[in-house]
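There are 2 protein chains.
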Amino acid sequence: MKWVPNRKSHLTIQEQIVEWIKARIERGDWTVGTKLPTQRQLATQFHVNRSTVQLALDELKADGLLESKMGSGVFVANHSWNVLLNRSQPNWKQHIESSIYKPNYHTIQLINEYEQYDHIIRLGTGELSPELLPTDQIEQSLKEISLDAKSIGYSPPKGNERLRNIICEYVKKRGIQTEPENILIVSGALQALQLIAMGLLEEGSIVFHEQPSYLSSVHPFQSAGMRMISVTRNANLSDHLRVLKRKRQSLFYTVPTLHNPTGDSLSVKEKEQLYHVCNELQIPIIEDDVYHELLFETAPPAIKSFDTSGQVLYIGSVSKTLSPGLRIGWVIAPSPVIARLADIKMQTDYGSSAFSQEIVAHWISTGLYEKHLTNLREQLKKRAAFVERILEQQFSKMATWKRSEGGFYIWLRFNQPIVNKSLFLNLLKQNVLINPGYIYDSSDLHHIRLSYAYASLEGLKLGLDRLLKVIGSS
Amino acid sequence: MKWVPNRKSHLTIQEQIVEWIKARIERGDWTVGTKLPTQRQLATQFHVNRSTVQLALDELKADGLLESKMGSGVFVANHSWNVLLNRSQPNWKQHIESSIYKPNYHTIQLINEYEQYDHIIRLGTGELSPELLPTDQIEQSLKEISLDAKSIGYSPPKGNERLRNIICEYVKKRGIQTEPENILIVSGALQALQLIAMGLLEEGSIVFHEQPSYLSSVHPFQSAGMRMISVTRNANLSDHLRVLKRKRQSLFYTVPTLHNPTGDSLSVKEKEQLYHVCNELQIPIIEDDVYHELLFETAPPAIKSFDTSGQVLYIGSVSKTLSPGLRIGWVIAPSPVIARLADIKMQTDYGSSAFSQEIVAHWISTGLYEKHLTNLREQLKKRAAFVERILEQQFSKMATWKRSEGGFYIWLRFNQPIVNKSLFLNLLKQNVLINPGYIYDSSDLHHIRLSYAYASLEGLKLGLDRLLKVIGSS
Numbered sequence: 001m002k003w004v005p006n007r008k009s010h011l012t013i014q015e016q017i018v019e020w021i022k023a024r025i026e027r028g029d030w031t032v033g034t035k036l037p038t039q040r041q042l043a044t045q046f047h048v049n050r051s052t053v054q055l056a057l058d059e060l061k062a063d064g065l066l067e068s069k070m071g072s073g074v075f076v077a078n079h080s081w082n083v084l085l086n087r088s089q090p091n092w093k094q095h096i097e098s099s100i101y102k103p104n105y106h107t108i109q110l111i112n113e114y115e116q117y118d119h120i121i122r123l124g125t126g127e128l129s130p131e132l133l134p135t136d137q138i139e140q141s142l143k144e145i146s147l148d149a150k151s152i153g154y155s156p157p158k159g160n161e162r163l164r165n166i167i168c169e170y171v172k173k174r175g176i177q178t179e180p181e182n183i184l185i186v187s188g189a190l191q192a193l194q195l196i197a198m199g200l201l202e203e204g205s206i207v208f209h210e211q212p213s214y215l216s217s218v219h220p221f222q223s224a225g226m227r228m229i230s231v232t233r234n235a236n237l238s239d240h241l242r243v244l245k246r247k248r249q250s251l252f253y254t255v256p257t258l259h260n261p262t263g264d265s266l267s268v269k270e271k272e273q274l275y276h277v278c279n280e281l282q283i284p285i286i287e288d289d290v291y292h293e294l295l296f297e298t299a300p301p302a303i304k305s306f307d308t309s310g311q312v313l314y315i316g317s318v319s320k321t322l323s324p325g326l327r328i329g330w331v332i333a334p335s336p337v338i339a340r341l342a343d344i345k346m347q348t349d350y351g352s353s354a355f356s357q358e359i360v361a362h363w364i365s366t367g368l369y370e371k372h373l374t375n376l377r378e379q380l381k382k383r384a385a386f387v388e389r390i391l392e393q394q395f396s397k398m399a400t401w402k403r404s405e406g407g408f409y410i411w412l413r414f415n416q417p418i419v420n421k422s423l424f425l426n427l428l429k430q431n432v433l434i435n436p437g438y439i440y441d442s443s444d445l446h447h448i449r450l451s452y453a454y455a456s457l458e459g460l461k462l463g464l465d466r467l468l469k470v471i472g473s474s
Numbered sequence: 001m002k003w004v005p006n007r008k009s010h011l012t013i014q015e016q017i018v019e020w021i022k023a024r025i026e027r028g029d030w031t032v033g034t035k036l037p038t039q040r041q042l043a044t045q046f047h048v049n050r051s052t053v054q055l056a057l058d059e060l061k062a063d064g065l066l067e068s069k070m071g072s073g074v075f076v077a078n079h080s081w082n083v084l085l086n087r088s089q090p091n092w093k094q095h096i097e098s099s100i101y102k103p104n105y106h107t108i109q110l111i112n113e114y115e116q117y118d119h120i121i122r123l124g125t126g127e128l129s130p131e132l133l134p135t136d137q138i139e140q141s142l143k144e145i146s147l148d149a150k151s152i153g154y155s156p157p158k159g160n161e162r163l164r165n166i167i168c169e170y171v172k173k174r175g176i177q178t179e180p181e182n183i184l185i186v187s188g189a190l191q192a193l194q195l196i197a198m199g200l201l202e203e204g205s206i207v208f209h210e211q212p213s214y215l216s217s218v219h220p221f222q223s224a225g226m227r228m229i230s231v232t233r234n235a236n237l238s239d240h241l242r243v244l245k246r247k248r249q250s251l252f253y254t255v256p257t258l259h260n261p262t263g264d265s266l267s268v269k270e271k272e273q274l275y276h277v278c279n280e281l282q283i284p285i286i287e288d289d290v291y292h293e294l295l296f297e298t299a300p301p302a303i304k305s306f307d308t309s310g311q312v313l314y315i316g317s318v319s320k321t322l323s324p325g326l327r328i329g330w331v332i333a334p335s336p337v338i339a340r341l342a343d344i345k346m347q348t349d350y351g352s353s354a355f356s357q358e359i360v361a362h363w364i365s366t367g368l369y370e371k372h373l374t375n376l377r378e379q380l381k382k383r384a385a386f387v388e389r390i391l392e393q394q395f396s397k398m399a400t401w402k403r404s405e406g407g408f409y410i411w412l413r414f415n416q417p418i419v420n421k422s423l424f425l426n427l428l429k430q431n432v433l434i435n436p437g438y439i440y441d442s443s444d445l446h447h448i449r450l451s452y453a454y455a456s457l458e459g460l461k462l463g464l465d466r467l468l469k470v471i472g473s474s
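Protein chains in written order, with my numbering: chain A, 1 to 474; chain B, 1 to 474.
A hint or two may mislead.
Heads up, the list lumps identical chains together, so a pair's fine if it works in one copy or across two of them.
[What the hints assert, rightly or not] No more than 27 Å apart at the CA atoms, straight line, and that leaves these computed lysine-lysine pairs for DSS-like:
1. Lys143 / Lys371
2. Lys429 / Lys150
3. Lys469 / Lys421
4. Lys245 / Lys102
5. Lys172 / Lys2
6. Lys173 / Lys22
7. Lys382 / Lys397
8. Lys93 / Lys247
9. Lys2 / Lys150
10. Lys461 / Lys150
11. Lys173 / Lys8
12. Lys469 / Lys69
13. Lys469 / Lys382
Since the hints were derived computationally from the structure, they do not count as laboratory data.
Pulled out of the complex, with its shape left as it was, chain A reads as follows:
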């Protein structure tokens, strides 16, 4: 459990806090330069007044162990180490800064951090609301699952064979004919992108994507040294790609159905065109299809269904539809590609959770999944209508949007370029978290990706009210 002061100790509360912080520094839990939690967070953890925390921190500052940096918090001081132990320690800050992987953007780090707190209203979260998750039914289904010893050992490189068979059947509805051998189970779509980046592209390859794009908010390709180029789908796409590609290896990333963040979907004809352009130029396509089950109308076939060249790497997942906590998705691709990605996955994490795979196999094969989806689409439709009503009443003078066709998102465009970091931070002060357009396209200061899927209806109403107020006052 987290440490709390002992009220029966012969030491005062303040003394105990001082000793505890010293111990953490001595142990190296808090190395030089570590930012301490805020006074408020510490007070909550210790069940004490903020003033007690402040006094303890002041004492440690006076001793030279901590230091304040204007506006950014309290840190373990550079000399704390000499003061306490007269010994050296590794320079973790330098290790981190010189290492390979890019950090998340600061805005996204803040989103990840604040999503943990219950008092935050999440207007942008791309995740089903706790109310929409079939928690009780999943709990019930745990009772129905029978395990055999083989299934809870390391899974085979491509994943649980039964699940791969079931997915083979499942994707027929998307017009996709495949075999279990062509399916790799992954820990969600993001891991699929990671494996593709490491296993199928040379450094300096080009990744084409739409503008805006989910890919701008994560770094699997950038961290592997790829160049990201955003393109617009129009009549000149072919010429455009040809010029940009030159002799480079490349691929085209697309979310053709219920695009993240815009919510747009391509027609069958547009999908065919995109496929043919890429086929002609031999540019493989990553079809990220994790939202299609949430289309309010029947979903048209996937790009993968036209594939007669092994050109499309298709990605599916249950994270947006059943439970993100399962961390289960899949890639469908030519055999050599699947073998390669499976080999890297074995070197990365030895496969996905066997338990999660069993649960997904159970849900899809028993029809529980389809039934749940039917209900879920109804719920999402109602939520979309609810938010659209508020938008019409309160935002129609300052912003435009398209009616949602499914999924989670409304891509709200403000007439003025007001969606900047300071709007994000001002809303955060009001306990409202948004996904600003600039995390999907760094030049975009007009959009917010509203999600009607996560917050409660009251939360959505309240959050949009506060948004309106913050905009009005700035």
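Position chain B relative to chain A; hints supplied.
Relative to chain A, chain B alone:
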């Protein structure tokens, strides 16, 4: 389900197989250069005679769609594509070969592949036997787990908070004092290494490790461009490291308790020495401690317990003790390091399976885990004695070994350098899979990592008999 020919079709079985293979090539499932499954595997899948498969393949070869390569199998021919569709397809082979991540060694790919088949006797597998996994109890515990909606959403960046609290308590037995904030839940120890490679080291950093080492059999550091240097722990270690390190960033990877593959454990004094040498040179240590619960005698404290400089990154896991299918491990490290690794984990797979985390939390917190471990150690002890008896009776003239102190392994050393790839392959022909020493140290042709943990007692006996026979006949 996997395709099988339809016996009621107007087409012959052979014609159907030809059409099916053509369809797979046309669809791009089997791109140019793809190696087909063996005739035996296809015959098993189709429930037909091998001769029928062979006739179908011959027909496709005559058409120019397939080609045989002497000794290595049947492949989709280079010109298959033109023959069928007169269209181009991406050159996946080139994509794979020029990409960033190293493939597994061929021996390890074969091990991963053949571990899937039930008829193989696995003499080297570093995994609990299905007999030793508490399958029924885990199934039972699934019925006792109650879920709340929050716990099946995306987990917070560092992992399920309850589980981190529980692990905090659990590691006290290892002498480790820490806080939930200093713990990151990962999908097994291998993922921890991956995250450390990407998040804490610059390209060209040096990773010191023991010789032989588990690290030689996986590539998280090599693929990130690190230099691997094996060192021997002796009186000169300090000077040795100092010379090799120069000005480079570096770290020291060690499995101090029940070392993989040798089974050795460091004494407390040796651990202290290693810590002090590395502390003096400011070389961080990765302490891979995934086997300590399997020591037959009480385990001495971890290196991490001496850590007063935030120098040790400690890794634990339930993969070797409870179920590898859970894919749950943890890293304990200074706060800035944990924050960094959590940030990368969020970019890599958005956290580990929430269900697996719930199961582990349940098992540790209820004491089920400790009870299971007590029983497991007894079982492993019996298995070790069983294998040691066979070794004494049959191998004592040609090999030496140390009595097992726990865990899974006996590091069997043959007097002659006979453990080469051809021994590995000859045993595979006899359906016996070994882990040869050369995957842990490429210059080693003397050792086999025997595991008494996986195969059944009959399997162990039979496998060792075949090993003896194959050695005798070569």
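Hint check results:
Proximity of lysine 143 and lysine 371 under a CA criterion of 27 Å is satisfied in both settings, with 19 Å inside one chain copy and 23 Å between copies. Only between protomers do lysine 429 and lysine 150 lie at most 27 Å apart by alpha-carbon distance; the minimum there is 23 Å, versus 51 Å within a single protomer. With identical chains, the CA atoms of lysine 469 and lysine 421 are at most 27 Å apart within one copy only, with a shortest distance of 17 Å there and 71 Å across copies. Taking the shortest alpha-carbon separations for lysine 245 and lysine 102, both the intra-copy value of 24 Å and the inter-copy value of 26 Å come in at or below 27 Å.
Taking the shortest Cα distances, lysine 172 and lysine 2 sit within 27 Å of each other only across copies (13 Å), while inside one copy they are farther apart (50 Å). For the homomeric pair lysine 173 and lysine 22, the shortest alpha-carbon distance between copies (22 Å) is at most 27 Å, but the shortest distance inside one copy (61 Å) is not. Taking the shortest Cα distances, lysine 382 and lysine 397 sit within 27 Å of each other inside one copy (24 Å), while across copies they are farther apart (78 Å). In this homomeric assembly, lysine 93 and lysine 247 come within 27 Å of each other (Cα to Cα) only across copies, at 17 Å, whereas the closest approach inside a single copy is 39 Å.
Proximity of lysine 2 and lysine 150 under a CA criterion of 27 Å is satisfied inter-copy only: 20 Å between copies versus 37 Å inside one chain copy. Within a single copy, lysine 461 and lysine 150 get their C-alpha atoms only as close as 49 Å, which misses the 27 Å cut-off; across copies the closest is 21 Å, which meets it. In this assembly of identical chains, lysine 173 and lysine 8 lie within 27 Å of each other by CA distance solely across copies; the values are 26 Å between and 66 Å within a copy. Within a single copy, lysine 469 and lysine 69 get their C-alpha atoms no closer than 31 Å, and across copies no closer than 72 Å, so neither meets the 27 Å cut-off.
For the identical chains of this complex, lysine 469 and lysine 382 are intra-copy neighbours only, at 25 Å inside a copy versus 71 Å across copies, given an alpha-carbon limit of 27 Å.
The structure fails hint 12 only (numbered hints given earlier).
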